[in-house]
Amino acid sequence: MPTDARATEGSPALSRRALLTGTAGALGGAVLAGLPGVLDGQETAPARPIVPDDATKLQGAATSPLGERSPFVTASRAPYGETVGSSYTPLQDLTGVVTPSDLHFERHHAGIPALDPERHTLTIHGLVERPLTFSVDDLKRFPQTVRTYFIECSGNGRAAYREPKPEMTAQKVSGMLSTSEWTGVPLATLFREVGAKPEAKWFLAEGGDACLMTRSVPMAKAWDDAMVVWAQNGEPLRPAQGYPIRLLLPGWEGNINVKWLRRLELGAAPWMTRWETAKYTDPRPDHTADMFTFAQQAKSIITSPSQPGRIASQGWHAVHGLAWTGRGRITKVEVSVDGGRRWHEAELLGEVRPKAPVRFQHMWEWRGEAATLLSRATDETGEVQPTRTALIERRGIGTDYHFNQIVGWQVARDGAVTFHGET
Amino acid sequence: MRHRFSLLLLTSLTACRGGDGAASTADAGTRYGIGRPADAQLVARLDTDIDPSGTALPAGHGTAAEGAVLYAAQCAMCHGAEGLGMPPAFPRLLGRGPKAEDFNFASDHKLPKTIGNYWPYATTLFDYIRRAMPLTAPGSLTDDQVYALTAYLLAADGVIPKETTLDAAALAAVKMPYTDRFIWSAEAGGQDRD
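As they're listed, the protein sequences go chains P and W.
337 is the number that this note's numbering gives to position 337 of the first sequence; each next residue is one higher, with no gaps.
Plus 1000 on top of the position in the second sequence (first one is 1) and you've got this note's numbering.
Keep in mind that the hints were calculated from the coordinates and are not lab data.
Watch out, some of these pointers could steer you wrong.
[What the hints assert, rightly or not] When the alpha-carbon atoms are kept at most 27 Å apart in a straight line, the in silico DSS-like pairs for lysine-lysine are as follows: (1) W:K1110 / W:K1175; (2) P:K172 / P:K57; (3) W:K1099 / P:K279; (4) W:K1162 / W:K1099; (5) P:K279 / P:K165; (6) P:K279 / P:K201; (7) P:K201 / W:K1110; (8) P:K140 / W:K1162; (9) W:K1110 / W:K1099; (10) P:K172 / W:K1175; (11) W:K1110 / P:K165; (12) W:K1175 / W:K1099; (13) P:K57 / P:K140; (14) W:K1162 / P:K201; (15) W:K1175 / W:K1162; (16) P:K172 / P:K332.
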């Protein structure tokens, strides 16, 4: 197993000098972390935080109103674009299933609106008996539901599908996937409250951002598992995730989980908004395009080992990653260490929940050989992740969304890990 | 208006949330009496969406010639004088190159999707421009201006004659070239092709 460099083994010379000059003892760890990693004209690259040689010999940092990550943890999102843009979750830096809220991926079409929760309301109208307006506090009076679900942008994996490159990271390949424990009210409860009419077959969800994001949703989803949520991982939604309220349609493509939700209109037919016609439609090789392709399909990615990274030592390693499907539960994940010749059933860690990722692991003894690590998920509908070649044959290289091809990592003899996308 | 606050009903309502689905329709009619009647003026102000039937289109009208002037002044700086955009930040809007006709997008991802060669409904264009454009001043256009810009973009891509005046009836009647290429998924009541 690779031995993690212990924090105190980071830069002994640096910390010794800091301690000798008497500066370190008076300062907390967080402050020390801010010091530049430069000493005696020698640059340490990359700069490591300075910590005492022996943390048991002096008081640590004080309590504080807001917690911080260890200065040794540098996980951050990778942003692309600005107000019309996205930022990707650093999957390679995370474990378990839940994504820390500040690392949840973002995708915005008009930036993140600043909304006052006391002024924000949700209005439900159209084919209903009683059009109603709810304050955010009103919504919290209804019986609530707490569920863990992923949200994945349907464009997740596009770059790796179109043009896989060795330098791609797990973040780049699949980082528009994030998972939270969500708290909210079932949409069905709200639709009963307003008295949805039987003629209502679809509803329109509208956000309160500067593009007034709109998507049409079949009513069946409301009666199934849709929610209006106000909390994420035990605290109010992050602004980037829809504060104060968003629509949550478990397992369905990210865009339709309308953030900053302000209006729901019930109607007989879809509205054909820009985001379900010009965008979020999937061209097919027979000169057509699929529309309303809502559910995310069975998918997986090994996040450790992965690029950027290197296997430091031979011997046993836990190869682990995430598997998920928007069509229910994952039933099986297989791992191959020889490019797909033989597959081994991986262990699924913890409870397998519908429309939530599960972490899988496979113990692998690396003896210094070149290897190709792949993972392949199967879900309860029987869908098995296809190879990239099979997916291109079925949908064409130019299809725009819902990329669930098998991906993995090449391990070189020196332990260097690079992306392997041509499956 | 019926209000049923039977403890039994509330209990069964909460209990049914234990399963996979967040709720069921079995207790339709149960109400908590939370929320206030939606103000009709508020609804009218928020409800600007236009579906393909065009029944919700507002009064007003505009011509492609008027739209060309507006486009040059308010849109061209991002989408280009010819509507070719500046990808990836600013999307291309226009163009009907022969390679991209007949919906060849699956075989070549470099083919640009434009209003004329891809968009299935003309009402979408009106709805989207009115709600979201121009990027730096969304909601600032009058309905006449939105009709004019819609007319300009549709005429530039050869969907309607250049001299057409668009109003509610004319826009609702516009047929886009490739509407029939879009296939609804099983989840929307169509077919599952995977």
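Structure-based check of each hint:
no.: 1; hint: W:K1110 / W:K1175; verdict: holds, 26 Å
no.: 2; hint: P:K172 / P:K57; verdict: violated, 42 Å
no.: 3; hint: W:K1099 / P:K279; verdict: holds, 20 Å
no.: 4; hint: W:K1162 / W:K1099; verdict: holds, 24 Å
no.: 5; hint: P:K279 / P:K165; verdict: holds, 25 Å
no.: 6; hint: P:K279 / P:K201; verdict: holds, 22 Å
no.: 7; hint: P:K201 / W:K1110; verdict: violated, 36 Å
no.: 8; hint: P:K140 / W:K1162; verdict: violated, 53 Å
no.: 9; hint: W:K1110 / W:K1099; verdict: holds, 10 Å
no.: 10; hint: P:K172 / W:K1175; verdict: violated, 40 Å
no.: 11; hint: W:K1110 / P:K165; verdict: holds, 18 Å
no.: 12; hint: W:K1175 / W:K1099; verdict: holds, 21 Å
no.: 13; hint: P:K57 / P:K140; verdict: violated, 49 Å
no.: 14; hint: W:K1162 / P:K201; verdict: violated, 38 Å
no.: 15; hint: W:K1175 / W:K1162; verdict: holds, 15 Å
no.: 16; hint: P:K172 / P:K332; verdict: holds, 25 Å
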